[in-house]
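**Q** If you read the sequences in order, they're chains A and B.
Counting from 1, position 314 in the first sequence corresponds to residue 314 in the working numbering; the numbering is continuous, with no gaps.
Counting from 1, position 287 in the second sequence corresponds to residue 786 in the working numbering; the numbering is continuous, with no gaps.
Any given hint might turn out to be false.
What the hints assert, rightly or not - As a list, the in silico BS3-like pairs of lysine-lysine whose alpha-carbon atoms are at most 30 Å apart:
no., chain 1, residue 1, chain 2, residue 2
1, A, K93, B, K887
2, B, K562, A, K93
3, A, K434, A, K368
4, B, K863, B, K599
5, A, K93, B, K760
6, B, K569, B, K614
7, A, K143, A, K68
8, A, K466, A, K497
9, B, K969, B, K760
10, A, K434, A, K461
11, B, K569, A, K143
Since the hints were made in silico from the structure, they are not lab data.
Spelled out, the chains give:
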Amino acid sequence: MTATETLVPFDEALTRYDPVMGLEIHIELNTATKMFCGCPTGFGAEPNTQTCPVCLALPGALPVVNAKAVESAIRMGLALNCEIAEWCRFARKNYFYPDMPKNFQTSQYDEPIAYDGYVDVDVDGETYRIEIERAHMEEDTGKSLHVGGSTGRIQGADFSLVDYNRAGIPLIEIVTRTIEVPGDKAPAVARAYVSHVRDLIGGLGVSDVRMDQGSLRADVNLSLKPKGSSALGTRSETKNVNSFRSVERAVRFEVSRHAGILDAGGKVIQETRHFHEDTGTTSSGREKSDADDYRYFPEPDLAPVSPSREWVEELRKTLPEPPAVRRARLQADWGFSDLDMRDTIGAGALDLITATVELGTTPQAAKKWWLGEMARRANETGVDIDALGITPQQVAEIQKLIDDGRINDKLAREVFDGVIAGEGTPEEVVVARKLEVVSDDGALGAAVDRAIEADPDAAQKIRDGKQAAAGALIGAVMKEMRGQADAGRVRELIIEKLS
Amino acid sequence: MTARDLTKATADELSRTLAAGEASSVEVTQAHIDRIAAVDGAIHAFLHVDAEGALATAADIDKRRAAGEKLHGLAGVPIAVKDIVATIGLPTTCGSAILKGWIPPYDATITQRIKAAGLPILGKTNMDEFAMGSSTEHSAYGPTHNPWDTTRIPGGSGGGSAAAVAAFEAPLAIGTDTGGSIRQPGALTGTVGVKPTYGGVSRYGLVALASSLDQAGPVTRSVLDAALLHELIAGHDPMDSTSINEPTPDVVAAARRAEVKGLRVGVITELGGEGFQAGVRARFDEAVGLLTSAGAEVVEVSLPSLEYALAAYYLVMPSEASSNLARFDAMRYGIRVPPADNDDPSAEQVMASSRDAGFGDEVKRRIILGTYALSSGYYDAYYGSAQKVRTLLSRDFAAAFATVDVLVSPTSPTTAFPLGDKLDDPLSMYLQDVATIPANLVGIPGLSLPIGLADEDNLPVGLQFLAPAKADDRLYNAAAALEALLESKWGGLPLLAQAPELEVAR
Ligand SMILES: [Zn+2]
Chain A
1 MTATETLVPF
11 DEALTRYDPV
21 MGLEIHIELN
31 TATKMFCGCP
41 TGFGAEPNTQ
51 TCPVCLALPG
61 ALPVVNAKAV
71 ESAIRMGLAL
81 NCEIAEWCRF
91 ARKNYFYPDM
101 PKNFQTSQYD
111 EPIAYDGYVD
121 VDVDGETYRI
131 EIERAHMEED
141 TGKSLHVGGS
151 TGRIQGADFS
161 LVDYNRAGIP
171 LIEIVTRTIE
181 VPGDKAPAVA
191 RAYVSHVRDL
201 IGGLGVSDVR
211 MDQGSLRADV
221 NLSLKPKGSS
231 ALGTRSETKN
241 VNSFRSVERA
251 VRFEVSRHAG
261 ILDAGGKVIQ
271 ETRHFHEDTG
281 TTSSGREKSD
291 ADDYRYFPEP
301 DLAPVSPSRE
311 WVEELRKTLP
321 EPPAVRRARL
331 QADWGFSDLD
341 MRDTIGAGAL
351 DLITATVELG
361 TTPQAAKKWW
371 LGEMARRANE
381 TGVDIDALGI
391 TPQQVAEIQK
401 LIDDGRINDK
411 LAREVFDGVI
421 AGEGTPEEVV
431 VARKLEVVSD
441 DGALGAAVDR
451 AIEADPDAAQ
461 KIRDGKQAAA
471 GALIGAVMKE
481 MRGQADAGRV
491 RELIIEKLS
Chain B
500 MTARDLTKAT
510 ADELSRTLAA
520 GEASSVEVTQ
530 AHIDRIAAVD
540 GAIHAFLHVD
550 AEGALATAAD
560 IDKRRAAGEK
570 LHGLAGVPIA
580 VKDIVATIGL
590 PTTCGSAILK
600 GWIPPYDATI
610 TQRIKAAGLP
620 ILGKTNMDEF
630 AMGSSTEHSA
640 YGPTHNPWDT
650 TRIPGGSGGG
660 SAAAVAAFEA
670 PLAIGTDTGG
680 SIRQPGALTG
690 TVGVKPTYGG
700 VSRYGLVALA
710 SSLDQAGPVT
720 RSVLDAALLH
730 ELIAGHDPMD
740 STSINEPTPD
750 VVAAARRAEV
760 KGLRVGVITE
770 LGGEGFQAGV
780 RARFDEAVGL
790 LTSAGAEVVE
800 VSLPSLEYAL
810 AAYYLVMPSE
820 ASSNLARFDA
830 MRYGIRVPPA
840 DNDDPSAEQV
850 MASSRDAGFG
860 DEVKRRIILG
870 TYALSSGYYD
880 AYYGSAQKVR
890 TLLSRDFAAA
900 FATVDVLVSP
910 TSPTTAFPLG
920 DKLDDPLSMY
930 LQDVATIPAN
940 LVGIPGLSLP
950 IGLADEDNLP
960 VGLQFLAPAK
970 ADDRLYNAAA
980 ALEALLESKW
990 GGLPLLAQAP
1000 ELEVAR
């Protein structure tokens, strides 16, 4: 990246160029064991405790395909409306890297398990069909930790440690064909696609699909072509895009960056780029060149995978209802308007609301908290809604506290603050922060008396039968009680005292 | 039996001697350890001798036998293992400097089977580095010498296993065969060597040279011994996904049957003419004559695609090797040699300098060949074409086996050549395997049997039997029959009885 790189504002860039996107999603499967050995796959274990001769690539060790991973891959392929290969092989992708024990990745090359699929995503009321080129099986690499230096990057580090627990975890890579949609919709379509795939795969139960934990990772490939031209431009491949919001921002930034280069008569370099969450920008990673030759060849240590048609059809029967059908059903069940539904999907809250409703909260209350409160917080803090630190369980508990009259909506927001800050369960936060509404007649009665004394006009109106005037007195009591009064009980006390 | 008799006996004889209580396993094992001490200075068949471990196993077997436990037939019979097979606690170097001092934390599946059956492991045998070679001169730890003439090579890559058995240092040995590394040393040392059907013996724990070609097998002094060892190590292994999930053919029964009357034998036209030493051809023709006289129906069979086999092999093998050997990067095991002129090297630079220091010339040559053959733009012309040759060759063999039961050829075009003779001429070294390579390319089994000495140099000649995949039993039946015919010609003794006495170190 040159220091003088100029960015062209997104909207302006679109007047001269059309973006062409390609999206690659890596999904870490949640199988109990790794892709080619029997090692466990749990997240967060002590480094190098989930390893064996196979995933450490000790001399002589051989891989064996995890049948459960193949099953997950087929179900995923079916959910993406793909064809399932009758016969396919693994291949070796050869390159040297310290966190890759064999110095080749066992992957699929020209014979993917699933190919030629599509998904339909909705953005602003429009449906866009995203074509899937392929979904293939591969294995993850280990993880390098660079110690010393300031950046945490390999450059300048004193030494590096490698954790091979992740080496060999099964991955599915889903690759789209090129996506060409109206430029102004491109960022939202990219986001909606990733979000849609997340929901789809999450529904299959084959992956945790957590972007924040890396079990769903997206790469954004983008190029620009001048308006009216059919020639594709050179693309960049942006990695490390760790949230839905970042997908959208990465597209916007790369459009601006490419346009700046092209406007200045420059050439876009084919390279990988890293997305930076804090600044919303990308920086140069590794240049791709002709020297990048992975010398793919069929993996001779593994027998071909040839799923029988009967098995594939059996697996097809295990698929959950298709997303469109599910959405229609949920919308009807919940009594949501089309706009409510669109907002729900746009906010990535479909599963969250579903789970909350399943815990006994009314759909209206669940909508209020997730689309009102949580979507606002997610926007403000720039994280995805499911990474806020609030679970459907907690929302349901807080709504229960409201329904029981122990807190009100206003206090509930403080409870959310406390839960997000890690102060404990909603119940614990209510106790610790002394948020419970006061419904004790002694304390409330005294406050009501003071309010009547302070506002004789309002009191007189109520005595005259104008009950609407009670609002002023209730407000005064609430103010004195710093919002923690049981408003219903206050109203009753006022009427009692003044009738 | 005297100690000397114990080392001259076949594994089958030792098995019966042990079962009858005429000798203990400790005595048998000690006799071999003594023999190794006496002659291995001159032969250098072993890279590592584990006297203590072998004797401990032997003592354990003796105790269990005394307690009346039902033991495996080969329990207590010592064995030598090629240094390419992973063995817990014993160095496994593959004849390479890059694995100097590496001790595996796990056992190969065949090691597990050997241990479970109670065979004392005498040690690890020398080999061409990563099994790349036909002379055992490409070992980083020095060459092995042929017991028939210590100025000559024992063949390779498994020269250590073959020489150990030929020099009576071990009655049994494990070899591996990617293009002839069991059979060619067998021919050159007067021993029996078998490459089983691909997938017949687990490859789990064999350090891979070329995954689609490698196969482990027995190295012995008799066909029956080979069958006994074959039976022990063969069979399905869930840890190797290329392992055949079917029962192994009854090779021991076949070796005992030894009947060639009515057997249809095909002599391969393309193997035996030009490039084959006169003495090799003469012994081969005589052996075929013996088969005919014993009632076999001998015909000549042509395999037209054979002329491409060597070229295809030298694309497939280095291609797979270049990828298989990528893991030797000094990151997790093996020697680590930082670059000399760089105080702050990157991981990639340490990898490069370690590989430069740790790999020998032949290994580098093949890694470069294979890397080139797999390169984008060359793949179809090289690796792709080579795979097509394998398909053509498979069809040729299928057609041949439609008319004959077994095929025969000389195992190697020449007898053992002098050390250093072909070191600077890799192409002529590669030609050593012209007759053995086809079996690896198509996955069929092959057996080399000693059939006499060449007139011009008095060195052993081998005949190779080939059979269809999963019909390994046919090899044993035919070879055992020919072995019996030859031994009756040699006064009831094996060919090795004619080997010169080795000088014994004191
Ligand atoms: Zn493992």
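**Q** Against this structure, judge whether each hint is valid.
**A** The hints, checked one at a time:
no.: 1; hint: A:K93 / B:K887; in the structure: holds, 22 Å
no.: 2; hint: B:K562 / A:K93; in the structure: violated, 52 Å
no.: 3; hint: A:K434 / A:K368; in the structure: holds, 24 Å
no.: 4; hint: B:K863 / B:K599; in the structure: holds, 17 Å
no.: 5; hint: A:K93 / B:K760; in the structure: violated, 52 Å
no.: 6; hint: B:K569 / B:K614; in the structure: holds, 15 Å
no.: 7; hint: A:K143 / A:K68; in the structure: holds, 24 Å
no.: 8; hint: A:K466 / A:K497; in the structure: holds, 14 Å
no.: 9; hint: B:K969 / B:K760; in the structure: holds, 22 Å
no.: 10; hint: A:K434 / A:K461; in the structure: violated, 34 Å
no.: 11; hint: B:K569 / A:K143; in the structure: violated, 50 Å
Checked against the numbered hints given earlier, this structure breaks hints 2, 5, 10 and 11; the rest are met.
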